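**Student:** Just so you know, the sequences run in chain order A and B.
Using this note's numbering, the letters of the first sequence correspond one by one to residues 524 to 637.
Using this note's numbering, the letters of the second sequence correspond one by one to residues 108 to 220.
Simulated from the structure, these hints should not be mistaken for lab results.
A hint or two may mislead.
No more than 30 Å apart at the CA atoms, straight line, and that leaves these computed lysine-lysine pairs for DSSO-like [unchecked claim]:
{"#": "1", "chain 1": "B", "residue 1": "K172", "chain 2": "A", "residue 2": "K629"}
{"#": "2", "chain 1": "B", "residue 1": "K124", "chain 2": "B", "residue 2": "K178"}
{"#": "3", "chain 1": "A", "residue 1": "K629", "chain 2": "A", "residue 2": "K592"}
{"#": "4", "chain 1": "B", "residue 1": "K164", "chain 2": "A", "residue 2": "K629"}
{"#": "5", "chain 1": "A", "residue 1": "K600", "chain 2": "A", "residue 2": "K572"}
{"#": "6", "chain 1": "B", "residue 1": "K178", "chain 2": "A", "residue 2": "K572"}
{"#": "7", "chain 1": "A", "residue 1": "K629", "chain 2": "A", "residue 2": "K545"}
{"#": "8", "chain 1": "B", "residue 1": "K172", "chain 2": "B", "residue 2": "K125"}
{"#": "9", "chain 1": "A", "residue 1": "K600", "chain 2": "A", "residue 2": "K545"}
{"#": "10", "chain 1": "B", "residue 1": "K124", "chain 2": "B", "residue 2": "K172"}
{"#": "11", "chain 1": "A", "residue 1": "K572", "chain 2": "B", "residue 2": "K124"}
{"#": "12", "chain 1": "B", "residue 1": "K176", "chain 2": "B", "residue 2": "K124"}
Predicted model only: the values in this text are computed from it and were never measured.
Listed below are the residues making up each chain.
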Amino acid sequence: AQSVAQPEDQVNVAEGNPLTVKCTYSVSGNPYLFWYVQYPNRGLQFLLKYITGDNLVKGSYGFEAEFNKSQTSFHLKKPSALVSDSALYFCAVRDSNSGYALNFGKGTSLLVTP
Amino acid sequence: EAQVTQNPRYLITVTGKKLTVTCSQNMNHEYMSWYRQDPGLGLRQIYYSMNVEVTDKGDVPEGYKVSRKEKRNFPLILESPSPNQTSLYFCASSLQGGGTEAFFGQGTRLTVV
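Model the full structure from these sequences, guided by the hints.
**Tutor:** Okay, here's the thing in C-alpha cells:
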C-alpha cells in the first residue's frame, strides 16, 4: 500500500527566507512523487515531480524538491519565499506497483509574512 | 487551452435530491478520477476510470456513482445525497503512465442540507 505523510499542518516563514515543506512516503514499488499547490477557491496546480534520475527536481515558480530514497522523503524547497507563495501544498505519491491512483498527504498550509 | 472543466462550481441541495456534477477534459486523457477534499483529511479518491466504460472504486466510493460513456466526460452522480457528502469535489485527468501528472478541475463545493 502507498501512503504519504506531511508532518506539519502549517509552516510560517518570513518573506525572503528559505522555506521547506516536508513530505515522507511509503510504497512497495518505485515511487512517482508530485507536489501540488492550491490557492483559495482554486483547483490544484502541478508544481513538480520526481520519476527517476537527479534527486533534485526543479519546478514552477522557483520551487524545487529533493528526493531522498534512504529517508523516503521528498521535501519541497524554495530559496527565497514570497508572500504570494502563501497557499496549501500537497505532496502525492503513485506507487509503480499500484496502478495510477495518486495518494495525497493531508496538506501543509504555508504562510509567508512580509 | 488544456483544461478540466467542472460544473457547477457551487451547489446547495437538500438531502435525498439526486444530483450530477459534470466533468470534461479536452486533453484526450485516458485516466480520469474524482476526489473529495475535507479539512484535515487531504484529498481522497472516490472513483476512477482507466478508459471508456472502465470504472472502479477508489477509497471512499459509498454514496457515489460514475459513468464513462465518452473519453472526455466523467460525471459524478449522487443518487441520494446526505449531509456527510458536504465537501469540495475535484475531477482530475491524466495520461496513463506512472510518472504523468494529473490535471485538476476548479472544484465543486457541495453543501447538502
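**Student:** Work down the list of hints and note, for each, if the structure agrees.
**Tutor:** Now for the hints, and whether the structure bears them out:
no., hint, verdict
1, B/K172 / A/K629, "holds (25 Å)"
2, B/K124 / B/K178, "holds (27 Å)"
3, A/K629 / A/K592, "holds (21 Å)"
4, B/K164 / A/K629, "holds (21 Å)"
5, A/K600 / A/K572, "holds (13 Å)"
6, B/K178 / A/K572, "holds (26 Å)"
7, A/K629 / A/K545, "holds (12 Å)"
8, B/K172 / B/K125, "holds (11 Å)"
9, A/K600 / A/K545, "holds (9 Å)"
10, B/K124 / B/K172, "holds (14 Å)"
11, A/K572 / B/K124, "violated (40 Å)"
12, B/K176 / B/K124, "holds (23 Å)"
The structure is inconsistent with hint 11 alone, although it conforms to all the rest.
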